[in-house]
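Participant: Chains as they are written, first to last, in my numbering: chain U, 15 to 334; chain P, 35 to 714; chain V, 31 to 256; chain L, 1419 to 1910.
No incorrect hints appear here.
Just so you have them, the derived chain V footprint on chain P, three or more residues with Cβ under 8 Å:
1. 688-695
2. 701-709
Listing some non-contacts, in silico: residues in chain L with all C-beta distances to chain V over 12 Å:
3. M1419
4. D1481
5. A1507
6. P1517
7. A1616
8. H1786
9. P1869
10. N1871
11. F1892
Computed, partial: chain L to chain V, Cβ under 8 Å:
12. G1544
13. E1551
14. L1555
15. L1559
16. W1574
17. I1578
18. G1581
19. L1588
20. I1592
21. Y1595
22. E1606
23. L1609
24. D1652
25. A1693
26. F1717
Calculated directly from the structure, the hints in this document are not laboratory data. For clarity, every value in this text was computed on a predicted model and none was experimentally measured. We put the CB at the ideal spot given by N, CA and C, even for glycine.
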Amino acid sequence: MVNHLNLIAWLAALLQTALFVAMAPLFTIWVKRIKCTLQNRLPPPWSQPYRDFRRLFAKEVLLARTASPVFRIAPYIVCGTTIMAASIIPFVWVNIPFAVMADAIVLVGTLALGRFFLALAGMDVGTSFGGMGSSREMTFAALAEPAMLIVVFALAMLSSSTNLSTIIGFVLDQPLALRPSLLFGLLALILVGIVETGRIPVDNPATHLELTMIHEAMILEYTGRHLALMELAAQLKLTIYAVLTANLFLPWGISRSLDAAALGVSFVALTAKLAVLGALLAVGETLVAKMRLFRVPTFLAVAFTLALIGMLSFIMLEGR
Amino acid sequence: MPPTPALCLYLAIGFALASSVVSFAADRFPVLLRVGSFALLGASSIAALAACILTLTGNLPFTGELPLGLPWLHWQLRLDALAAFFLGIIGMVTLAVSFFGPGYVRSYTHGHSSLGILGVMTGLFIAGMQLVVVAADAFAFMVAWELMSVASYFLVAFEHEEAANRRAAFLYLLMAQIGAMLILLSFGVLAGFAGDFTFAAMGNTNLTPIWAATAFGLGLLGFGMKAGIVPLHAWLPEAHPAAPSHISALMSGVMLKVAVYGFIRLVFDLLGHPHWSWGVIVLAVGSVTSVYGVLYALVQHDLKRLLAYHSVENIGIIYIGLGLALIFFSAGQTTFGVLGLIAALYHTLNHALFKSLLFLGAGAIVQHGHERDLEHMGGLIHRMPWTAFFFLIGCLSISALPPFNGFVSEWLTFQTALQATTLESGVLRAVIPISAAVLALSGALAATCFVKVYGVAFLGQARTRRVRHAREASAGMVLAQGLLATLCLLFGVFPTNTVGFLSKITLDLTGYGVSAATSQGWLWLTPIAPEVASYSAPLILLGVLTALGAWACVYFFTRRRRRTQPVPRRDPWDCGFGPLSSRMQYSASAFAMPIRHIFRPAWRIHEEKIREMDPQLATRPVQLRYLIHADDLSWQFFYVPVERFVQSAARQVGRIQTGHLRHYLAYSFFTLIVLLWLIT
Amino acid sequence: MTAYADLPLIEQAIRTFAALILVTSFALLAQSRVVAAIQVFAWQGFLLAALTALVAWNSGLTHLYISAALTLALKALFIPWLLIRQARRLGILRDLDAVIRPGLTLMAAGALVIFCYNVVVPVREFTQVVTRDAIAVSLALVMIALLMLITRRKAITQVVAFMSLENGLFFAAVTATQGMPMVVELGIAFDVLIAAVIFGVFFFHIRDSIESLDVDQLSRLREIND
Amino acid sequence: MIALAVTLLMPALTALVLAFVRPAPVGTRINMSATTAGFAASVWLAWNVLTQGGIHGAQFQVDAFNVYLIVLTSFVGMTTSIFSGPYMAHELELRRVTPRRMRLYHASFQGFMFTMLLSLSTNNLGVLWVALEGATLATVLLVSLYRTPESIEAAWKYFILCGVGIAQALFGTILLYFAAARVVPDPEQALQWSVLYAHAAQLEPVVVGIAFIFLLIGYGTKVGLVPLHNWLPDAHSEGPTPMSAVLSGLLLNVALYAIIRIKMITDGALASGVAHDPHLAGKLMMGFGLLSFMIAGLFLHRQRDIKRLFSYSSIEHMGLMTFAFGLGGPLATFGALLHMTVHSLTKSAIFVTVGHASQIAGTQKIEHIRGLVRTQPVVGWGLLVGSIAIAGFPPFGVFTSEFLLLSATMKSWPWLAVPLLAGLAVAFAGLFRHLHSMVFGPSPAGQQPIPLNPVPVALHLAFVLWLGLSIPAFLARWFDEATRLISGSGLL
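Sequences are here, hints too, so could you generate the full structure?
Facilitator: What follows is the structure, given as structure tokens:
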């Protein structure tokens, strides 16, 4: 493992995290723009999300009468954990020291911590919508967990490690091979990601329709900087899953050293991958309709089965 | 003279017994119980902790003998690392309880339940548990074990005015008895080969495979009955809520662990080399138990029942770890076997801490909010902030969220399961990850369940008047929860040191430890190797603290402005509905509804919709109430049939006693003839 | 193994008496009238006493004469007298205690005799002289008495059966072992005496409680309670 | 010898005296003091035996085995008489008994004690028989003391069944005598146990086999072995409670004692194995014991009368002991001896409390006895603790004996441990399902505490607790000698 005393490495890692956070709104607006163009609407400008953040941070904070301290702390914890998760994911550089801080399972755990507080915040004010949102969010997250874990297992078995850097390094070292385990794992991860980030067909970030909404229902009561933090966390989460998909399964181009050229290359490569992924997501969301709430478990069952098949095929077909 | 483990051990047991003795007079002088008895319990727990620490910090295992028991076999005591560890667990929880108790039992001083019994039995209960873990021969073990069971039975039956509690106590005692008999038989098998009841002799025998399997099976059932593995758990959700809350904390937090101790002692110490099928069985049992427990917890709305079902779940998680350990040991992969064992032990410790924390919190709520039903709570965070804070920590820990302790043990379990790739058998390699997925599912469901608990109980608005006027618990009760909460955090943030201690235990028990785990220093926990997997809880904590710090800064900077105009409070928007009333909140049953819908076959749900009509207008309902209750399937499929069978057998047998003298004479006559015929 | 004819007359007499006693207990089994049953029982006692005397003469054991006297007094005279008296005072002297399926019962009794003989067959090979078949006969007496206990409903006939059971025992004691040690004999006699008295007491209690002596009505205490 | 004489004569003479003492209180006091003196004498006797070795006379023989039973008997007799004082006084107030019957009661009580002690200390099997028959005669009128139809029915059944049983036992005794007469020179000695035991090997096996069966069935009826047990619950439930206490605590033990003595001879006679399986006696006892154990456990479930309930539990435990003695071997025998002791202590204590309970509730019907702990904690807790002790929970002695028993079974007949386990569980459930509702819960309105003397129960349970925690050395040595006598080898 990298030596922990290398200051430059730590600085670089921090910078990369900052870059990650900075790029998250870009990714969301990119998806939004493509959707708009596909739906023949006038797309918002690239700077839209940043403007929103500025406005929200400036606004004053309103609190519901029944709100408790949990309600006020939640945004910071949600956002903080998400940033932490972002910081341990190799973004443009593989061997970041943060990656040693936590492996894939801890990554899932960190996101779960954020979700826990998000759901509590939803229930705090005591509105029926908030409770509904929390209930649905937690339920689907719980169902998504096993699938996610099996994906991690498949990767971990492949590279005999749960450390993200190690996994990526392993995939890079491998000669390009068509591995069913990786293929199914990729599909499963995408499905899980859709559920976790609340995109169509599971949830619709654009509506506030009581029958459909999950994530939005929990943050209905938030205003000002609190709302901004929540939004940022959501966008970051979407980007995290995108980056995971990109870097774990098709990591080619990512830099393994700290020299500028390699980093530049890997940044370009990553941007390209994300662009493609975002476009795919937008197309998907345009083509598919939102599904009924109780079809989501089936959706997740599919994800789990895919992941399981991936793992089993690793055990049976790609046996050592 | 420096305190030796032996001295501390005897002190611990002595103080516990003393506390039960002083309580004899508690009926007349309640203050004796509140002050004397609990103080002695505290002393006992501190002594126990001292014994634990002294033993784990390098003292030799202490072996002793009490002049009790059979004439040719006095009680053998042995305080080795494993025993010390469990002694420590007992000590920690008892310490918290001894802070919590004085405030809590105040509510009983006016009832007509006898305080004396409460104190006496509590002391005996704790002494019994301490004796179980240090007993080194089958007889002493059984006596201590039964002492524990009987004492706790009296505590379950403490508030015996309610028929439900009587029933719970009966069920509990019955199953405790059966379990004890099974354990006795399993020891009997070992003793039959060893020719002696001492564990030392039993450990040195090598049994034939069939008898080893028999002993294992009996032990699994016997100890499982106490630990509450499905389907032998039925007593648990009945008995734990029935007892006073600090006793529930002891039962759920410690007594179940004592059962786990017994199982570990039997399987890893006495039985010798395990067979791989044992591991698979334990793994399967554990997986089923964990999911079953959490699913039933989700549909409960009685807080203490819910927590009891969560104990079932956590026992399942512990058994998953043990199963993994057995599998790896039988395959000769000792390193990973030890890792599994450590994961199980770690989770044992954690569950002891957070489950007792939660039960104490529940106790505080029950005492000051006079409610056990979640559907009637709400908004308690405004009334009892400290309890709310510590309860939150408990929820985070039991939901296995970093950086708290629950996460570490589950993470270690996952890491062990990941090593399945090193096994030869492809089947095992495929089965283990699935059980890990089950573990993940139950973990996530637990998180769901505790969002429900915390959200419904502490957040939102109060749903009943008494809850609306609840008061914060007394200082001692808060202190007790604080203690446990701190421990939860510490054991979560410094896993490396903990694992270091635990590997001492495994070294003492199996002869192997995990050196790699702590090789990278206190900051990094690397169970197998740094590049394989690593976890740095302190850094995660740092991250969380940074977030909180950010909030603190904002809070600080906006303070001046707030003094001039405080943060405006408005009615919630709620999509334009409103005004908001407490009855519009999402209830516990509503929260769990999606889960109920998805896992429909897992329960038998009884729904009941009561509508009271307006006396004037028969078509207009004035009040609607929705009751939901989930039956435990194990009754339907396991207990009721057995009960029916016994009943019918009894009825059949009753027929022989006709009341006619001539029939009786005929019995004697024919018995005579048959016997005479037999011998010719 | 000597032929029966070679045995001395006295032993043949003993055999004959044994056979007679067996006959009496068959008669008891078949006897359905209370008074007749008691009389037959008295006869059995008398025969038993006579047999005892014969054995005493044969073996020259003086203490057997005493037990013969005891038997005569107790079994042949006192107890029958007592029973008759009780029966008269209870007004059941002329009652019937119908035997259930007499034919079947007698056949069963016969079967029992064979069975008892079969049981003691292995014994015979070791033993000699007079006591040889005594065991078989006494066993048969006991068994038949038990059978009678089972087949009779009236308390008083049950007592008769019980007493004839005692006779069977006494028969064994006399013929097989030339009597028991004196202390035992006296003890047994004493017990039988007390038993007879207590039985007497009980008849009245039972009569008072169920207005009859039919023991089949004494079936309140039972486990079939549904 | 003098000690023995005192021990035996004390009750005999007192019985005669009490038969003529008219006023009930005086009788009660005499009764109490007599049993106390008897207990003192028996302790003295035990001390003599312990110091100077046992008495081995022609008519009397006192060794380690029966001397402790003698002490136990006189002890239980003492405590029961202490209990029966206030109890019978209360019954007298309720007019359930008349002063005349009190006289009968006291006389019979002492007579019963005499027969018990005689049958324990005699060396002559014939006298043993006489004494046991005498015990029946002494108690049968006590069973019908209340003169209710049920009590008379019970007494009649008790009388006939035990009479028939005892008659069968006599037949067995005669057969033994018959077998012994041809090996023992002096026919006067041919019934002496010591002589028979000495010549056991030469006894004719077939006869002894038949004899054993008769004796087993005969005395087994008194022990209460299924299916010969039917008199037991009736007699226990209908008689006055002190009588139930001594029946359960003493009579059953003594009958079992007789069977064991016989078994020792039988084993000696069958050892050659020419005619029968050498372990015939043991196997028969195991069979009967296990059967009684299982059946009684099931009976417990459907009881409605509290005294019947506990009498079935007596049957269950006697079955367990019979099984253990049949099992043989030092471990089982030691356990069985211990069980004999603790069972009679515990069970008599339980019957005493049951007596109080039924006086408090005014009935013996289980569904009318409620909330004892509330009404009179002494009684409630006494009943609860006693039942917990009898159910075999540590630290009470019953657990110790059952532990030894189970492990002995695991050693020699591992698979029999399964029915034993099942039986214990069933019996336990059967006992506690009734107990809970009686002891716990709110107490019905108007239920009043009664005057009582808590000492006997406390004493008994304290002893049982002591035996469970640690068996005192001298007692252990005692048991061990007895074990040596019975099973041939000791443990210590």
